[in-house]
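Chemist: Since the structure of chain A is already known, use the hints to place chain B on it.
Number of protein chains: 2
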Amino acid sequence: MKPALNSHLKLLRKLGQRKYREKEQLFMIEGERAVEQVLENGIIEVESVFVEEGKAISYPLLANSFSLLKDMLNELSDTESPQGILAICKMPKPISIEGLCNVESGVIVATNAIQDPGNLGTIIRTASWFGCNAMLFGKGTVDAFNPKVVRSTAGATGVLPYLGGDLNEILEQLEGNDWDVLLLDGNPGSQPINKIPKSKKTVLVVGNEANGIDTSLINPKRKRVLIPSNEGIKTVESLNAAVATSIALWSVNN
Amino acid sequence: MKPALNSHLKLLRKLGQRKYREKEQLFMIEGERAVEQVLENGIIEVESVFVEEGKAISYPLLANSFSLLKDMLNELSDTESPQGILAICKMPKPISIEGLCNVESGVIVATNAIQDPGNLGTIIRTASWFGCNAMLFGKGTVDAFNPKVVRSTAGATGVLPYLGGDLNEILEQLEGNDWDVLLLDGNPGSQPINKIPKSKKTVLVVGNEANGIDTSLINPKRKRVLIPSNEGIKTVESLNAAVATSIALWSVNN
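Residue numbers (our numbering), protein chains in the order written: chain A, 67 to 320; chain B, 67 to 320.
Simulated from the structure, these hints should not be mistaken for lab results.
Model, not experiment: these values are computed from the prediction.
Where a beta carbon is used, it is the ideal one built from N, C-alpha and C, also for glycine.
Please note that the accuracy of each hint is not assured.
Partial list, derived from the structure: chain A residues whose beta carbon lies under 8 Å from chain B [as the list claims (entries may be wrong)]:
id : residue
1  : Ile109
2  : Gln181
3  : Pro183
4  : Thr192
5  : Trp195
6  : Phe196
7  : Asn199
8  : Val225
9  : Tyr228
10 : Val302
11 : Glu303
12 : Asn306
DSSO-like cross-link-like pairs, simulated, lysine-lysine; straight-line CA separation at most 27 Å [stated by the list, open to error]:
id : chain 1 : residue 1 : chain 2 : residue 2
13 : B       : Lys214    : A       : Lys267
14 : B       : Lys214    : A       : Lys214
15 : B       : Lys159    : B       : Lys121
16 : B       : Lys214    : A       : Lys261
17 : B       : Lys261    : A       : Lys264
18 : B       : Lys205    : A       : Lys266
19 : A       : Lys300    : B       : Lys266
Counterexamples of contact, computed for chain B against chain A with all Cβ distances above 10 Å [what the hints assert, rightly or not]:
id : residue
20 : Gly197
21 : Gly230
22 : Glu235
23 : Gln239
24 : Lys287
Next up, chain A with everything else stripped away, as it sits in the complex (with noise of 0.2 Å):
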């Protein structure tokens, strides 16, 4: 295995942030097992990957594949016990709305502006694991392609198709083709998830952790949900975003 080259050391430092991210069209994924499932999966292209020096690696690599200094990977590593092994992988393309427009029936995962990384890898992971068609990240969403996002995937990053944008703008054109939106949503006046009729083409829309749906995305023909709590005495004042979305993904599902 070669050494990292400079230019190498220079592309790594620049992908932890999502300007140089967007730019490049690369991101970084982590880790021994999620590298080798990312391989495996063959879902997300690899263009490098990058082992610690003197690291034994469980399964076959790239033919471009470098070593790096200890010191090294665990100053470019996000995780504070980096495993020695990084990959530079090209993102995948969006897709176009129209693609979703003509879907006969499905499930399509919306946040409105999720900015905890964990979560959203986890909403990312469930919608994957339950078979969803897509997933849309409104504005305010935090970057799916950050590496503490990528990581919560738990290697589903990249399996479903994906769009960013103006989420009402998004919704509106899919509501012209069939889809019933339900915006998630823990106020008064929602409907328990699931006591409402079951749609053939569900938009579940998550709001943010601490202010939940945007007021803007609440009108007449979207449903507002919620899922019950059995708590006696209210001292629970919610769900994690991520294990609500879970949850109404599993209902809408079931």
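Modeler: Relative to chain A, chain B alone:
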């Protein structure tokens, strides 16, 4: 507000460690909303509150409140963006197993060896939301009063009765009193959780994030259950442990 004493600082520093939390039977809660909740709920006894010097708090504090320099609070804080307030709280007492044996119906969540503090906190939060009867913390589970766990419960720490110890011993005693044990286990041979008959008294056992349910817990009278995936091609390995637990709790409750 009087300034904090050196003895306070010494205690606060110690409470970062499990052995001191257990010895003193005290733990820390951090953040403006979290401290407010604990003062409001009255479930947890608050011993003293520490506020950043000069910081205005929008709710009434205890008589036993002290000011602390910002640097000192930041040092004591477990978070990357400290909110300038923390409280020392009394650890609630664990319950006895006998109290759970005589319950007529309900759901108990047992953690086999959950190690991620965020996952444990989220599981406690969801179990509280669904009004479970108790939490059982098996050996190998991260301390429920660890600051990261407490933060992830988002105010649900202390809401549910709890008990720690050898999980097999506790489960056997519960099984002798008509509790049915479900093992959440994604391995082959497990049944989809929505296909099993409902039980009046359910203990849901959650395994370790990487290794799943400990084999010593598996026996023929305990049903192994999973959250079925709808994914066509198998690219996603698993759900997040807190998400899987939450969906399972929703399923046994609905």
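Chemist: Could you work out which of the previously given hints the structure breaks and list their numbers from low to high?
Modeler: 2, 3, 7, 9, 13, 15, 16, 18 and 20
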